[in-house]
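Protein chains: 2
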Amino acid sequence: MGQAMNDIRALVFDVFGTVVDWRSGIAREAGPFLARHGKGDVSPERFADAWRLRYQPAMEEVRSGRRAFIRLDVLHRENLEAILKDFDIDVAKVPCAELDALNLAWHRLDPWPDVVAGLARLKSRTIIAPLSNGNIILMIDIAKRAGLGWDAILGAEVVRAYKPTPEAYLRTVDVLAMQPAEVCLVAAHNGDLAAARKCGLRTAFVPRPKEHGPGQTEDLRPEQDWDVVARDFGDLATAFGV
Amino acid sequence: MGQAMNDIRALVFDVFGTVVDWRSGIAREAGPFLARHGKGDVSPERFADAWRLRYQPAMEEVRSGRRAFIRLDVLHRENLEAILKDFDIDVAKVPCAELDALNLAWHRLDPWPDVVAGLARLKSRTIIAPLSNGNIILMIDIAKRAGLGWDAILGAEVVRAYKPTPEAYLRTVDVLAMQPAEVCLVAAHNGDLAAARKCGLRTAFVPRPKEHGPGQTEDLRPEQDWDVVARDFGDLATAFGV
Numbered sequence: 001m002g003q004a005m006n007d008i009r010a011l012v013f014d015v016f017g018t019v020v021d022w023r024s025g026i027a028r029e030a031g032p033f034l035a036r037h038g039k040g041d042v043s044p045e046r047f048a049d050a051w052r053l054r055y056q057p058a059m060e061e062v063r064s065g066r067r068a069f070i071r072l073d074v075l076h077r078e079n080l081e082a083i084l085k086d087f088d089i090d091v092a093k094v095p096c097a098e099l100d101a102l103n104l105a106w107h108r109l110d111p112w113p114d115v116v117a118g119l120a121r122l123k124s125r126t127i128i129a130p131l132s133n134g135n136i137i138l139m140i141d142i143a144k145r146a147g148l149g150w151d152a153i154l155g156a157e158v159v160r161a162y163k164p165t166p167e168a169y170l171r172t173v174d175v176l177a178m179q180p181a182e183v184c185l186v187a188a189h190n191g192d193l194a195a196a197r198k199c200g201l202r203t204a205f206v207p208r209p210k211e212h213g214p215g216q217t218e219d220l221r222p223e224q225d226w227d228v229v230a231r232d233f234g235d236l237a238t239a240f241g242v
Numbered sequence: 001m002g003q004a005m006n007d008i009r010a011l012v013f014d015v016f017g018t019v020v021d022w023r024s025g026i027a028r029e030a031g032p033f034l035a036r037h038g039k040g041d042v043s044p045e046r047f048a049d050a051w052r053l054r055y056q057p058a059m060e061e062v063r064s065g066r067r068a069f070i071r072l073d074v075l076h077r078e079n080l081e082a083i084l085k086d087f088d089i090d091v092a093k094v095p096c097a098e099l100d101a102l103n104l105a106w107h108r109l110d111p112w113p114d115v116v117a118g119l120a121r122l123k124s125r126t127i128i129a130p131l132s133n134g135n136i137i138l139m140i141d142i143a144k145r146a147g148l149g150w151d152a153i154l155g156a157e158v159v160r161a162y163k164p165t166p167e168a169y170l171r172t173v174d175v176l177a178m179q180p181a182e183v184c185l186v187a188a189h190n191g192d193l194a195a196a197r198k199c200g201l202r203t204a205f206v207p208r209p210k211e212h213g214p215g216q217t218e219d220l221r222p223e224q225d226w227d228v229v230a231r232d233f234g235d236l237a238t239a240f241g242v
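Note that the protein sequences, when read in sequence, are chains A and B. Sequential numbering from 1 applies to the first sequence in our numbering. Sequential numbering from 1 applies to the second sequence in our numbering.
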């Protein structure tokens, strides 16, 4: 590990896809929901994909300035209602409380198998925190359920900006009272890392080749010479010498 | 424990005085500083008290709206320069880096002896987080050094409002996506608890009779019928059934 990596004082993590397997987690809770509404033939994974597909466009409304900052739980809830019609489910016939409950499936996502042990090792060396577009209570609930020992919950709601806008990274660096090169983003997504690098942050790529299921084609490989490329969080901890 | 307390889903904590012993911690680092600048005869505790005395007036500039929100580390640094003349130390003769280093004494405060074990027990029942006027990296550094297992760092910098304004409590409740009565403030200060109660939060008083040294006269006793009154954090955990 080079001197540049020795200078790193905080590791900040993308969460959806990098830390947790959102697709399996959402599918697990969507399955019973679909069955209850006469759609037991629909693939719950396809439902998860449809829900996630509205994620970027919803945040783009905020990033563009067309909409004031609003937390991801609210965007997820709006997106859920929006996709019901795609699956021929009549929104008017689904109790509000049932939609609220399904929306909390995002709070119950499981981490990839290497995450808990890897984070515990990394935490012994440096500050670890999510830098996710997910809001604070969403991150708290995932972490408490899974046993992720974050030192803080950072991310979009703290800095009121969604990745990949520069503000999301630079305000996080400012909150940490560090230089950009003292902060390293860990992500499974080349685009997230590219945006962080433009802001001067260090970058660590951990591929998650099953994030989008068996047919995944993107983010299988590093697309730039990221500062670290690791197989998983255990390998990442080893790269940081812990 | 009554039903009201069973409904509590998050415990949020005042930190300076309630969780950490700021006076001893600041005095410990002020002593060598004073000696280096020819003021070895000055009581480091008196220096700590003088520094702390400027805490509320500095935040009042922000609370009143006369000044935009700015993190506590900056206010502490300004206050440090301001008190040097009270102790006949020429600011111009003290290297900036030395003042920066002394300012970080606030990041190295020790918790009261009952805190680490008490928080670990409470964390098994509920979300625990600081709701302090201290900024995020200040809270991270204290927690990491002392081994406080917060589930998140909440507080003034997250909600951009200083206690005891209602916004500091109500926006924190909003971030948690809870009702005010589901959140309980733990504090050693009756004034903090009174402000939280006005916002509908639950309240737990833990006296810290040595926060201000041996001659302390205020906050020795509960001044209202707080929902919980506990001797220390161990007793608080017992009150919450963990």
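Honestly, I wouldn't trust all of these hints.
All copies of an identical chain are treated as equivalent in the list; a pair is satisfied when it fits inside any one copy or across any two copies.
Unchecked claim - In silico SDA-like links for lysine to any residue, alpha-carbon gap of 25 Å or less:
id : residue 1 : residue 2
1  : Lys144    : Pro180
2  : Lys198    : Glu29
3  : Lys39     : Glu182
4  : Lys123    : Ala101
5  : Lys144    : Asp7
6  : Lys39     : Thr165
7  : Lys198    : Met5
8  : Lys210    : Arg160
9  : Lys210    : Pro57
10 : Lys123    : Glu218
11 : Lys39     : Val242
12 : Lys198    : Glu78
13 : Lys144    : Gly65
If you are wondering where the hints come from, they were derived from the structure by calculation, not from laboratory data.
Evaluation of the provided hints:
1. Lys144 x Pro180: This pair counts as between: shortest inter-copy Cα distance 21 Å, intra-copy 29 Å.
2. Lys198 x Glu29: neither (37 Å within a copy, 39 Å between copies)
3. Lys39 x Glu182: neither (50 Å within a copy, 36 Å between copies)
4. Lys123 x Ala101: between (32 Å within a copy, 24 Å between copies)
5. Lys144 x Asp7: between (29 Å within a copy, 18 Å between copies)
6. Lys39 x Thr165: neither (38 Å within a copy, 50 Å between copies)
7. Lys198 x Met5: within (17 Å within a copy, 48 Å between copies)
8. Lys210 x Arg160: neither (30 Å within a copy, 39 Å between copies)
9. Lys210 x Pro57: Within one copy only: 23 Å inside, 54 Å across.
10. Lys123 x Glu218: For Lys123 and Glu218, neither the intra-copy (29 Å) nor the inter-copy (39 Å) Cα distance is at most 25 Å.
11. Lys39 x Val242: neither (48 Å within a copy, 43 Å between copies)
12. Lys198 x Glu78: neither (32 Å within a copy, 33 Å between copies)
13. Lys144 x Gly65: neither (33 Å within a copy, 37 Å between copies)
Hint compliance for this structure: hints 2, 3, 6, 8, 10, 11, 12 and 13 are not met, and every other hint is.
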